[in-house]
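Peer 1: Sequence:
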Amino acid sequence: METLEYIETKNTDFESINGNYGKYGGMYVPPVLESILKELYEKFKIIIQTSSFQEEYIRLLKTYVGRPSPLYYSKRLSEHIGSKIYLKREDLNHTGSHKINNAIGQILLAKHIGAEEIIAETGAGQHGVATATVAALFGIKCKVFMGKVDSERQKMNVDRMKMLGAEVILTKNGTATLKDAVDAALEYYIQNPNSYYLLGSQVGPHPYPTIVGYFQSVIGKEAKKQILEAEGKLPDNLIACIGGGSNAIGLFSEFLYDENIQIYAAEGGGEGLIIGKTAATLNMGKPTIFQGTFSYALVDENNEPVEAYSIAAGLDYPGVSPQHSLLKDEQRVKYHAVTDKEAIEAFKLLSVIEGIIPAIESAHAVALAIKLLKDKKNEISIINLSGRGDKDLDREFF
Numbered sequence: 001m002e003t004l005e006y007i008e009t010k011n012t013d014f015e016s017i018n019g020n021y022g023k024y025g026g027m028y029v030p031p032v033l034e035s036i037l038k039e040l041y042e043k044f045k046i047i048i049q050t051s052s053f054q055e056e057y058i059r060l061l062k063t064y065v066g067r068p069s070p071l072y073y074s075k076r077l078s079e080h081i082g083s084k085i086y087l088k089r090e091d092l093n094h095t096g097s098h099k100i101n102n103a104i105g106q107i108l109l110a111k112h113i114g115a116e117e118i119i120a121e122t123g124a125g126q127h128g129v130a131t132a133t134v135a136a137l138f139g140i141k142c143k144v145f146m147g148k149v150d151s152e153r154q155k156m157n158v159d160r161m162k163m164l165g166a167e168v169i170l171t172k173n174g175t176a177t178l179k180d181a182v183d184a185a186l187e188y189y190i191q192n193p194n195s196y197y198l199l200g201s202q203v204g205p206h207p208y209p210t211i212v213g214y215f216q217s218v219i220g221k222e223a224k225k226q227i228l229e230a231e232g233k234l235p236d237n238l239i240a241c242i243g244g245g246s247n248a249i250g251l252f253s254e255f256l257y258d259e260n261i262q263i264y265a266a267e268g269g270g271e272g273l274i275i276g277k278t279a280a281t282l283n284m285g286k287p288t289i290f291q292g293t294f295s296y297a298l299v300d301e302n303n304e305p306v307e308a309y310s311i312a313a314g315l316d317y318p319g320v321s322p323q324h325s326l327l328k329d330e331q332r333v334k335y336h337a338v339t340d341k342e343a344i345e346a347f348k349l350l351s352v353i354e355g356i357i358p359a360i361e362s363a364h365a366v367a368l369a370i371k372l373l374k375d376k377k378n379e380i381s382i383i384n385l386s387g388r389g390d391k392d393l394d395r396e397f398f
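Under my numbering, think of the first position of the sequence shown as 1, with each following residue one higher.
Among the hints, a few may not be true.
[Stated by the list, open to error] In the SDA-like style, the derived pairs of lysine to any residue whose C-alpha atoms are separated by at most 25 Å in a straight line are:
| # | residue 1 | residue 2 |
| --- | --- | --- |
| 1 | Lys-148 | Gly-114 |
| 2 | Lys-277 | Arg-395 |
| 3 | Lys-111 | Tyr-57 |
| 4 | Lys-376 | Gln-262 |
| 5 | Lys-225 | Ile-58 |
| 6 | Lys-43 | Glu-187 |
| 7 | Lys-75 | Glu-187 |
| 8 | Lys-162 | Ala-176 |
| 9 | Lys-75 | Glu-354 |
| 10 | Lys-172 | Val-29 |
| 11 | Lys-221 | Val-29 |
[Stated by the list, open to error] DEER-style ranges, computed between Cβ atoms:
| # | residue 1 | residue 2 | range |
| --- | --- | --- | --- |
| 12 | Lys-62 | Lys-334 | 26 to 36 Å |
| 13 | Gly-114 | Arg-395 | 32 to 42 Å |
| 14 | Gln-191 | Lys-38 | 14 to 24 Å |
| 15 | Lys-62 | Gly-165 | 17 to 27 Å |
| 16 | Gln-49 | Glu-229 | 26 to 36 Å |
| 17 | Asn-283 | Gly-114 | 35 to 45 Å |
| 18 | Asn-302 | Val-352 | 44 to 54 Å |
| 19 | Lys-348 | Lys-376 | 35 to 45 Å |
| 20 | Gly-114 | Lys-334 | 38 to 48 Å |
Don't read these hints as lab results, they were simulated from the structure.
Glycine is no exception: its CB is placed at the ideal position from the N, C-alpha and C atoms.
All chains should be modelled from the sequences, with the hints used to inform the complete structure.
Peer 2: As structure tokens, then:
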């Protein structure tokens, strides 16, 4: 059997031990889901060790997704910033983002378990498209829950999901964005526990943060090998955007124990660090139980979750991964808020000087690099370009 390094699992200081990341994580769900999720975790641990799973997973990543994704030296952006910038090109994956890595892994789990229906949530639409894609690949029924507001600002991805055969179910609850899509998907899951919930980010109850982190770790494994081949040494820093946290942990996970590497994440700062006008959960939030897990969340004075805001639908979420919550407390990763205005400027800049149109989510990471590295010359940096910007071209910021 062909093997790849990123298939291995480990339990260490920054990672999950039975669903707990330090004091964060856990499984806060109704009893009907608790038994199903515990069984899913046990099956996950067994299935990923089988040769049939590994061989099919590796084959699909290579021949269907197009991995490994390139690590591209961004010459003109490097000249603009004054440091050596590499872009991990997850935007070049099939479906246009990192989301397909996790979707491929989880659809294989669903197939091995015998699921007859896939459900998912989506914000920017990239996870919805990835889920609809893999459901079509395996001929399984698919329902994708999405906030009405997000569906309007990401119409192209809605059309793609429908073209792929998925049923897109819109919710008007709350702000009709990602949080409300997750609520709707969880409610449906509780009522239909025999469905397979293909959760898209590193959030929610155990075992999803572990599962999603595992399938996204391919990003960091590849990036470490690629930067050593390109530079003969490890980078000085890593930068990724973060909403729920899957693309960020995908890059970061392989470097967490390389102590000399600085790691940064760009949250959706929205209109500034004001509750109700930001999605900067790790800057403005507090630890609480939210959507099935204990992690940081944006809350009011009564410790009740409040609505988030970001121009980027994929970052517009008031919760965050329990693993990122631990990494914040341990100060292993530094989380910065990037405003809408800064992200738009970076979106336009990368498009013009590199011919690469990034997702507005990924533009937050580019903006953070511009801000952080202006006083740190001659450093080597990897930015995770988590998605492409086709979906954002009809947005009002033009």
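Peer 1: Against each hint, give a clear statement of whether it holds in the structure.
Peer 2: Here is how each hint holds up against the structure:
no., hint, in the structure
1, Lys-148 to Gly-114, "violated (31 Å)"
2, Lys-277 to Arg-395, "holds (19 Å)"
3, Lys-111 to Tyr-57, "holds (12 Å)"
4, Lys-376 to Gln-262, "holds (12 Å)"
5, Lys-225 to Ile-58, "holds (17 Å)"
6, Lys-43 to Glu-187, "holds (23 Å)"
7, Lys-75 to Glu-187, "violated (47 Å)"
8, Lys-162 to Ala-176, "holds (19 Å)"
9, Lys-75 to Glu-354, "holds (8 Å)"
10, Lys-172 to Val-29, "holds (23 Å)"
11, Lys-221 to Val-29, "violated (33 Å)"
12, Lys-62 to Lys-334: 26 to 36 Å, "holds (34 Å)"
13, Gly-114 to Arg-395: 32 to 42 Å, "holds (41 Å)"
14, Gln-191 to Lys-38: 14 to 24 Å, "holds (19 Å)"
15, Lys-62 to Gly-165: 17 to 27 Å, "holds (25 Å)"
16, Gln-49 to Glu-229: 26 to 36 Å, "holds (29 Å)"
17, Asn-283 to Gly-114: 35 to 45 Å, "holds (43 Å)"
18, Asn-302 to Val-352: 44 to 54 Å, "holds (46 Å)"
19, Lys-348 to Lys-376: 35 to 45 Å, "violated (23 Å)"
20, Gly-114 to Lys-334: 38 to 48 Å, "holds (43 Å)"
Violated hints, in rising order: 1, 7, 11, 19; the structure is consistent with all others.
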